[in-house]
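Participant: Chain residues, written in single-letter form:
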Amino acid sequence: MSSEQDHLKDTDTEARFEFKKEQNAAVKSDKGLTEEIIRMISEDKDEPDWMLERRLRALKQYQNMPMPTDWPGQPDLTQLDVEEIVPYIRPDVDQREGVDDWTDLPDEIKDTFDKLGIPEAEKNALSGVGAQYESEVVYQNMQEQWEEKGVIFCNMDKAVQEHPELVKEHFMTTCVPPSDNKFAALHGAVWSGGSFVYVPEDVTVEMPVQAYFRMNSEGMGQFEHTLIIAEEGSEVHYIEGCSAPKYGTHNLHSGGVEVFVGEDAHVQYSTVQNWSKNTFNLNTKRAICEENGTMEWVSGSMGSKATMLYPCTILKGRGATDTHITIAFAGEGQDIDTGAKVYHNAPDTSSTIESKSISKDGGRTNYRGLVHIADGAENSSTAVECDALMFDNESTSDTMPYMEIEESKVDVAHEATVGKIGDEDIFYLQSRGLDDDDAKKMIVAGFIEPITEELPIEYAVELNRLIELEMEGSLG
Amino acid sequence: MSTQVHANLTEEQVRQISGELDEPEWLTETRLEALDALADLEMPDVIRTPGRDWTNLHELDFESFVDPLNAAEDKDQVGPADAEVLSWAEAVAEHEDLLKEHFGSVVDLQENYLTALSTALFSTGTVVYVPEGVDAEDVTIRTEQNSQSLFNYTLVVTEESSSVTILERQSTGQKQDEQYYSGVVEVVAGENSSVQYGSLQNLSEEAYNFTVKRGDAGTYATIDWIEANIGTQLTKTEVSTELNGESSETQIVGAFYGHNDQHFDLDAKVWHRAEHTTADLVTRGVTDDIARSVYEGVQDVGSEAWDTSSYQRENTLMLSDESEADASPKLIINNHDTEASHSATVGQIDQEDLLYMTSRGVNPRAARNMLVEGFFVPVFEEIAVDELREDLEELIATRLRTRD
Numbered sequence: 001m002s003s004e005q006d007h008l009k010d011t012d013t014e015a016r017f018e019f020k021k022e023q024n025a026a027v028k029s030d031k032g033l034t035e036e037i038i039r040m041i042s043e044d045k046d047e048p049d050w051m052l053e054r055r056l057r058a059l060k061q062y063q064n065m066p067m068p069t070d071w072p073g074q075p076d077l078t079q080l081d082v083e084e085i086v087p088y089i090r091p092d093v094d095q096r097e098g099v100d101d102w103t104d105l106p107d108e109i110k111d112t113f114d115k116l117g118i119p120e121a122e123k124n125a126l127s128g129v130g131a132q133y134e135s136e137v138v139y140q141n142m143q144e145q146w147e148e149k150g151v152i153f154c155n156m157d158k159a160v161q162e163h164p165e166l167v168k169e170h171f172m173t174t175c176v177p178p179s180d181n182k183f184a185a186l187h188g189a190v191w192s193g194g195s196f197v198y199v200p201e202d203v204t205v206e207m208p209v210q211a212y213f214r215m216n217s218e219g220m221g222q223f224e225h226t227l228i229i230a231e232e233g234s235e236v237h238y239i240e241g242c243s244a245p246k247y248g249t250h251n252l253h254s255g256g257v258e259v260f261v262g263e264d265a266h267v268q269y270s271t272v273q274n275w276s277k278n279t280f281n282l283n284t285k286r287a288i289c290e291e292n293g294t295m296e297w298v299s300g301s302m303g304s305k306a307t308m309l310y311p312c313t314i315l316k317g318r319g320a321t322d323t324h325i326t327i328a329f330a331g332e333g334q335d336i337d338t339g340a341k342v343y344h345n346a347p348d349t350s351s352t353i354e355s356k357s358i359s360k361d362g363g364r365t366n367y368r369g370l371v372h373i374a375d376g377a378e379n380s381s382t383a384v385e386c387d388a389l390m391f392d393n394e395s396t397s398d399t400m401p402y403m404e405i406e407e408s409k410v411d412v413a414h415e416a417t418v419g420k421i422g423d424e425d426i427f428y429l430q431s432r433g434l435d436d437d438d439a440k441k442m443i444v445a446g447f448i449e450p451i452t453e454e455l456p457i458e459y460a461v462e463l464n465r466l467i468e469l470e471m472e473g474s475l476g
Numbered sequence: 001m002s003t004q005v006h007a008n009l010t011e012e013q014v015r016q017i018s019g020e021l022d023e024p025e026w027l028t029e030t031r032l033e034a035l036d037a038l039a040d041l042e043m044p045d046v047i048r049t050p051g052r053d054w055t056n057l058h059e060l061d062f063e064s065f066v067d068p069l070n071a072a073e074d075k076d077q078v079g080p081a082d083a084e085v086l087s088w089a090e091a092v093a094e095h096e097d098l099l100k101e102h103f104g105s106v107v108d109l110q111e112n113y114l115t116a117l118s119t120a121l122f123s124t125g126t127v128v129y130v131p132e133g134v135d136a137e138d139v140t141i142r143t144e145q146n147s148q149s150l151f152n153y154t155l156v157v158t159e160e161s162s163s164v165t166i167l168e169r170q171s172t173g174q175k176q177d178e179q180y181y182s183g184v185v186e187v188v189a190g191e192n193s194s195v196q197y198g199s200l201q202n203l204s205e206e207a208y209n210f211t212v213k214r215g216d217a218g219t220y221a222t223i224d225w226i227e228a229n230i231g232t233q234l235t236k237t238e239v240s241t242e243l244n245g246e247s248s249e250t251q252i253v254g255a256f257y258g259h260n261d262q263h264f265d266l267d268a269k270v271w272h273r274a275e276h277t278t279a280d281l282v283t284r285g286v287t288d289d290i291a292r293s294v295y296e297g298v299q300d301v302g303s304e305a306w307d308t309s310s311y312q313r314e315n316t317l318m319l320s321d322e323s324e325a326d327a328s329p330k331l332i333i334n335n336h337d338t339e340a341s342h343s344a345t346v347g348q349i350d351q352e353d354l355l356y357m358t359s360r361g362v363n364p365r366a367a368r369n370m371l372v373e374g375f376f377v378p379v380f381e382e383i384a385v386d387e388l389r390e391d392l393e394e395l396i397a398t399r400l401r402t403r404d
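So the sequences go chain by chain: X and W.
Under the UniProt record's numbering, the residue at position 56 of the first sequence is numbered 56, and the numbers go up by one with no gaps.
Under the UniProt record's numbering, the residue at position 282 of the second sequence is numbered 282, and the numbers go up by one with no gaps.
If you're looking for bench data, these hints aren't it; they were derived computationally from the structure.
Errors might be hidden in some of the hints.
Stated by the list, open to error - One side only, chain X facing chain W, incomplete, derived with CB under 7 Å:
1. His-250
2. Asn-393
3. Tyr-402
4. Ile-443
Stated by the list, open to error - According to the in silico footprint, chain X covers these stretches of chain W (three or more CB under 8 Å from chain X):
5. 36-44
6. 314-320
7. 333-341
As the list claims (entries may be wrong) - Derived DEER-like restraints, expressed as beta-carbon distance ranges:
8. Glu-90/W x Ile-426/X: 39 to 45 Å
9. Asp-350/W x Glu-18/X: 54 to 60 Å
10. Glu-322/W x Asp-202/X: 39 to 45 Å
11. Lys-60/X x Thr-398/W: 40 to 46 Å
12. Arg-365/W x Thr-78/X: 57 to 63 Å
13. Thr-173/X x Ser-320/W: 32 to 38 Å
Backbone N, C-alpha and C fix where the C-beta goes; we use that ideal spot for every residue, glycine too.
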């Protein structure tokens with residue numbers, strides 16, 4: 001590890017996430033979900049009519065859809081009362097579409113992101129950064145060289161104003177329509193903030209762009225929308241990080257992510273999710289992949305009280321490829337229900353899903369995945385591998401894959417294992433002088449290495465730190 | 001959900017069935033309670049994913065299948081002298097206490113609509129009782145259905161340190177356009193006893209079939225199931241074991257071959273509830289023409305099931321492009337002192353294997369048939385009952401020979 005990363009290693013990670021700021025909101029909606037609130041949000045954003053109409057239509061769909069309660073073994077959502085959630089808080093920042101200099105931000109917000117290490121990371125390893133505080137993006141910047149090549153990286157609200165044609169065509173239409181599920185509909189009604197990324201034909205954005213989402217207020221909901229359009233032959237790596245301090249009441253995060261992967265394009269979407277353990281994290285993420293396009297999802301789920309998230313790729317064009325790499329870590333009181341969905345709708349498509357999960361102290365992880373190979377998707381192949389590590393008999397580790405194969409010229413394989421940390425492995429490390437805790441940490445780090453090696457080193461270090469933190473003191 | 005079937009069914013019919021079997025009052029009551037419960041019960045669980053039900057039981061018109069008073073069958077129930085192999089009526093007359101203790105003790109008779117329907121209406125059955133220390137081989141149960149509907153019940157009880165091998169076959173005698181066969185099988189394996197229960201379902205391809213077979217394995221007990229499905233238009237089955245005793249073991253071996261428009265929905269489930277238990281689930285099947293297979297395998301490890309070993313494999317071979325294979329192997333693990341794995345694959349005949357054989361002069365059709373038969377070998381090897389293995393091999397070979 002280079003010395004540049006030492007600041008990450010040396011900071012106390014827990015303190016970095018667990019701090020609260022005073023709430024200084026310019027606009028804060030009432031709790032709950034009414035047409036009035038939706039109109040208020042839309043008006044506060046000065047949105048065009050078509051967006052307001054989409055929001056209201058989504059609200060109707062939300063109201064008509066039942067809560068999902070009949071999934072086998074799904075997380076308990078009974079404590080989630082959407083009517084008690086504050087859907088919209090605009091922090092008190094002068095410039096509406098976000099500043100491009102950290103020093104222009106109010107002190108408490110700047111301090112927040114300093115503590116999270118975002119400006120530092122921007123200098124070292126990123127092409128662009130967006131930072132969202134409560135419901136609005138407060139900072140947005142991208143290196144000039146990418147702007148010159150026509151790359152757009154701006155906040156989603158700004159995109160509605162400045163790129164209406166692109167947004168109109170792609171925003172919650174073919175990829176994630178509000179009718180997809182109850183929380184997608186909710187998202188469609190109250191969404192705010194998020195990123196818009198547009199990469200023109202044949203442009204490769206060499207360093208990742210990052211968005212960081214921070215919830216500060218108690219009982220709020222964050223509903224950012226991310227729309228990525230990668231044109232033919234382009235390439236981009238988008239990273240999102242999320243965190244919030246812990247409160248007694250419940251927060252809700254219900255993001256929406258839509259990715260359009262053009263012909264021969266390559267998009268990687270990486271998430272390190274560290275919501276506080278009072279947050280319900282119910283997201284819808286989906287990519288549509290054209291001919292020979294490649295979509296890669298890399299997800300680390302550490303935080304939240306309950307997560308239900310199944311990033312989905314629709315392999316629409318011949319030869320399209322999907323990769324899912326996910327890691328879930330559930331500690332006390334956490335229910336991380338996550339996985340992957342892949343639809344093979346064209347010939348010669350392939351998908352690889354690699355899932356690792358760790359459960360301890362009564363936490364539950366579940367891999368829930370669906371692979372669908374449509375009739376006619378000849379010569380498609382899919383390989384799914386799930387490995388789970390358990391620490392005690394209070395915890396639960398479930399694996400629920402679903403395979404729907406309508407085409408015979410295919411190669412379909414699913415494998416899963418569950419077990420505890422090997423006593424022999426621990427003994428081996430102990431005999432080389434490591435104590436029990438360090439031995440276990442090292443084994444866990446090795447277990448998740450396939451994930452961490454996919455991330456830029458800052459994030460790999462971060463992920464390892466988070467996991468070490470989760471394990472500290474609680475291992476016997 | 002409310003299927004209208006009970007409109008057709010009356011308390012009098014149930015009383016008549018019970019009366020003809022000379023059942024005591026408590027059994028009649030159990031049946032009537034099941035009949036009453038029908039209105040509130042759901043169809044058996046089927047897997048649902050966005051936009052599709054893997055098996056649609058709601059479309060079935062049970063009213064037209066069920067003809068409770070005209071059940072007809074041809075049955076053999078044979079076993080060695082030192083074990084008791086009784087018809088239901090004989091068991092009612094001779095072993096009421098045994099039935100009182102075990103009837104409905106493994107399968108919840110009102111678990112779903114179809115188990116309750118079966119409980120209310122079964123008119124035939126077999127009870128196998130193996131006393132302590134007895135090794136009973138070659139128990140054979142053969143059921144030939146000759147009526148529109150037939151409801152069958154089987155109970156197997158093995159006392160301490162006994163063993164039994166049971167081979168059950170279902171077939172259709174007089175064929176009708178639509179027939180319904182329903183079976184409930186309960187196995188109670190006492191301490192250190194061993195049950196091997198092989199089943200070969202070869203009903204007519206117009207028939208519908210609902211079967212649940214479940215075992216309760218006591219301390220050191222072993223329950224091995226062999227579940228072969230060849231016939232019917234639609235089959236929904238569950239084969240499962242509750243490993244309730246320490247160091248108990250189970251094996252579930254499945255084989256199926258669906259062609260034409262057959263639909264098989266096969267569940268294999270095991271619940272590890274005690275220490276040192278072991279489970280091994282192995283299923284292989286073929287889908288051809290527009291047949292569809294649905295497989296759900298569940299390995300459920302409870303929080304008290306220390307030192308568990310649990311394995312599951314499922315492989316489907318697709319012989320036609322229009323067939324469909326769905327699979328969902330599930331792990332539910334609540335104790336970390338577990339070694340558990342599962343795997344599932346779907347594929348077609350390996351073209352290289354085919355080329356290898358044709359290049360050695362085997363004609364393509366024969367080569368294909370050999371490869372399909374070879375595909376089943378890992379399952380055949382697990383079948384300890386020779387007779388069942390040979391019958392199954394023959395049925396598969398016959399079905400292959402009738403293919404182009």
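Participant: Against each hint, give a clear statement of whether it holds in the structure.
Facilitator: Okay, the hints, checked on the actual structure:
no. : hint                              : verdict
1   : His-250                           : 26 Å, violated
2   : Asn-393                           : 4 Å, holds
3   : Tyr-402                           : 5 Å, holds
4   : Ile-443                           : 14 Å, violated
5   : 36-44                             : violated (count 0)
6   : 314-320                           : holds (count 4)
7   : 333-341                           : holds (count 9)
8   : Glu-90/W x Ile-426/X: 39 to 45 Å  : 59 Å, violated
9   : Asp-350/W x Glu-18/X: 54 to 60 Å  : 55 Å, holds
10  : Glu-322/W x Asp-202/X: 39 to 45 Å : 41 Å, holds
11  : Lys-60/X x Thr-398/W: 40 to 46 Å  : 58 Å, violated
12  : Arg-365/W x Thr-78/X: 57 to 63 Å  : 59 Å, holds
13  : Thr-173/X x Ser-320/W: 32 to 38 Å : 37 Å, holds
The structure shown violates the earlier hints numbered 1, 4, 5, 8 and 11.
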